[in-house]
Amino acid sequence: MTRSLAGQAALIALAAVVAVIFPHLVNNYWLSVGITALFYAIVAASWALLVGYAGQFSFGQMAFVSMGAYTSGMLAKYYDVPIPLGIATGVVLCAITGCVIGYVCLRMRGPYLALFTVAFSEVLRIILVSEAEVTGGNGGLQIPSLFRGRSDLPYYYLGLVLLGGSLALMGWLVRSRWGLFFRAIRENEEAAAAAGVKVVRFRLLAFAIAAMFAGLAGGFFGHYVGILTPDIGSVDQMGLVVAMAVIGGPESLIAASIGAILVEFLLEALRAYEQWRLVLFALVLLLTVRFARNGLLALGADSVMRVFRRRDAATPARTA
Amino acid sequence: MLDYLLSQLLNGLVIGVIYAVIAAGLTIIFSILKIVNFAHGEVFMAGGYFSYFAIALLGLPALMGIPAAMLLCFLMSLLIERTLLTPLYSPKTERKGDYGVLATFGVSILLRNLALLVFGSYPLRPPSFWSGSLIVGAIYLTWDRVFAAGFGVLLLALLVWFMYRTPWGEALNAVGQSRESASIVGIDSTRFYRLAFGLGGALAGAAGALVGPIYSLSPSMGLAPDTQAFAIVILGGMGSVPGAIIAGLLIGLCENMFVAFFPDPSRALTYAQAFSLVVLMIVLLVRPTGFFGRRHMAME
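As you go down the protein sequences, you meet chains B and L in turn.
Residue 175 in the numbering used here sits at position 175 of the first sequence, and the numbers go up by one each step.
One gets the numbering used here by counting positions in the second sequence from 1 and adding 320 to each.
It is possible that some hints are incorrect.
To give an idea of the interface, some chain L residues facing chain B are shown, with a C-beta separation under 7 Å as derived from the structure [claimed, not checked]:
1) 356
2) 417
3) 589
4) 593
Calculated directly from the structure, the hints in this document are not laboratory data.
Even glycine gets a Cβ: it sits at the ideal position worked out from N, Cα and C.
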């Protein structure tokens with residue numbers, strides 16, 4: 001146990017060192033890919049929290065991203081609200097909306113919830129397209145940037161802090177009693193209720209918390225890109241996040257965010273193949289869903305562990 | 321104004337029939353496999369392209385595009401079912417509903433991007449089934465629309481006959497009502513899952529072939545009908561073919577009336593896309609079992 005803990009600590013430290021020196025090893029293009037990857041990693045982790053831990057199958061995460069981004073963007077553009085305050089407002093709005101969605105969906109399960117959240121995201125997207133005088137419509141909305149300088153470095157480090165903070169918070173949450181309640185609800189709602197879990201309260205909480213992190217990621221990314229289009233909340237974007245989280249492993253926050261980072265970098269590295277890469281990722285997604293529902297990373301980690309265990313078991317036999 | 325309303329009404333009916341064909345296919349899949357099929361709209365899109373290429377490449381007459389699309393969509397659905405949906409029949413699979421959503425959602429992404437790659441993003445327009453238009457007084461309706469509605473009605477009539485008057489249809493219904501009881505009376509349920517998924521796909525393909533000459537074909541044309549069909553399926557009571565037909569006509573009509581009466585015409589068209597989505601959300605909230613009963617069809 002202590003050995004695996006030490007191993008984990010070493011891995012986290014290694015990842016942190018790589019993440020911190022990454023911007024100094026690459027050009028501006030890959031730095032911006034890195035920032036995008038951090039954004040998707042937060043969203044994928046929040047989806048994993050809602051779907052993988054609490055078992056609430058939602059396709060609404062990208063709608064919350066766009067809600068966070070548009071709220072903060074429009075506050076900053078039209079009312080000169082300081083950007084951090086705007087992002088915070090977006091996060092609060094997402095939490096409230098998440099609560100409302102969680103509340104009205106209390107009677108729905110699994111596929112119905114998926115349908116409802118798809119409909120919700122599409123309605124939000126259509127409103128953003130239609131009310132073009134305020135939102136810019138499909139032409140996009142120019143919004144102020146978070147940092148003044150030309151460099152992308154501050155965004156990268158802020159994204160890294162946000163991702164680290166989000167993962168730490170969500171990780172602490174799922175390891176707490178609340179996390180236990182989430183998983184109990186996922187496995188069997190009636191049994192959880194019978195055991196004294198306040199099912200209503202924790203379903204709402206799961207929605208609200210996941211929506212908050214999505215809104216936070218949206219606000220950050222919106223002010224980095226500087227132009228918002230309704231397409232952030234499209235079904236295709238949600239599909240990308242689902243693919244990222246599922247390929248990584250939807251039942252682990254870290255695996256989902258690593259999945260997001262890997263997929264984003266691979267998508268950029270394979271840019272020369274244009275449309276083929278999306279076909280490729282859809283295929284990988286289907287294979288993962290079909291043969292490794294806990295994600296490719298989990299599958300890989302499992303087989304590595306098995307090899308180690310076999311070696312551990314073999315060594316004493318030889319000495320005896 | 322009256323003429324405008326009347327032609328909107330007729331157009332609404334035509335679209336309603338097409339919606340009904342798509343939704344009838346979806347409702348069969350929904351009631352028998354107990355999954356929400358997120359790839360249905362993409363099979364509809366594929367049907368449109370299959371018909372186009374059957375006509376353009378093989379030189380078939382325009383009318384033969386429809387059976388060609390139905391056959392190819394049937395085969396494609398069988399392929400999807402064999403490769404991806406078999407875990408739904410295994411007791412070892414956990415949370416089957418979620419599995420169905422993920423698998424069909426993945427198929428929809430795959431098909432959409434494959435279509436972009438193979439067919440390109442430029443809209444294609446298949447040849448007319450029947451050129452010219454029907455003009456009565458001030459009312460104007462292209463013959464293509466009339467034909468699509470007529471053919472759709474024919475398909476729906478055939479489907480209702482098949483579902484209620486043939487042994488296979490009855491077996492499908494039996495499997496939909498209870499997998500176990502159907503097995504007890506000697507119905508091989510796996511075979512009928514396959515049939516249901518293929519049949520649903522063939523109906524979507526027919527609808528795709530029918531709308532080809534009316535609108536044009538594009539890889540993303542399946543996105544909107546997908547959610548519209550869900551709205552219809554749930555409004556009509558899950559698994560009820562007659563319910564899906566009535567609800568399909570209703571949604572088609574209301575959508576066109578919505579466009580006609582919406583105060584701001586520039587926004588009417590974009591908001592029309594949201595119309596059936598809002599209906600879907602309201603039905604899910606207020607009466608998840610739909611308005612035509614069939615409580616036993618609830619998801620597992």
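Would you pick out the hints that fail for this structure and give their numbers low to high? Of the numbered hints, just 3 does not hold.
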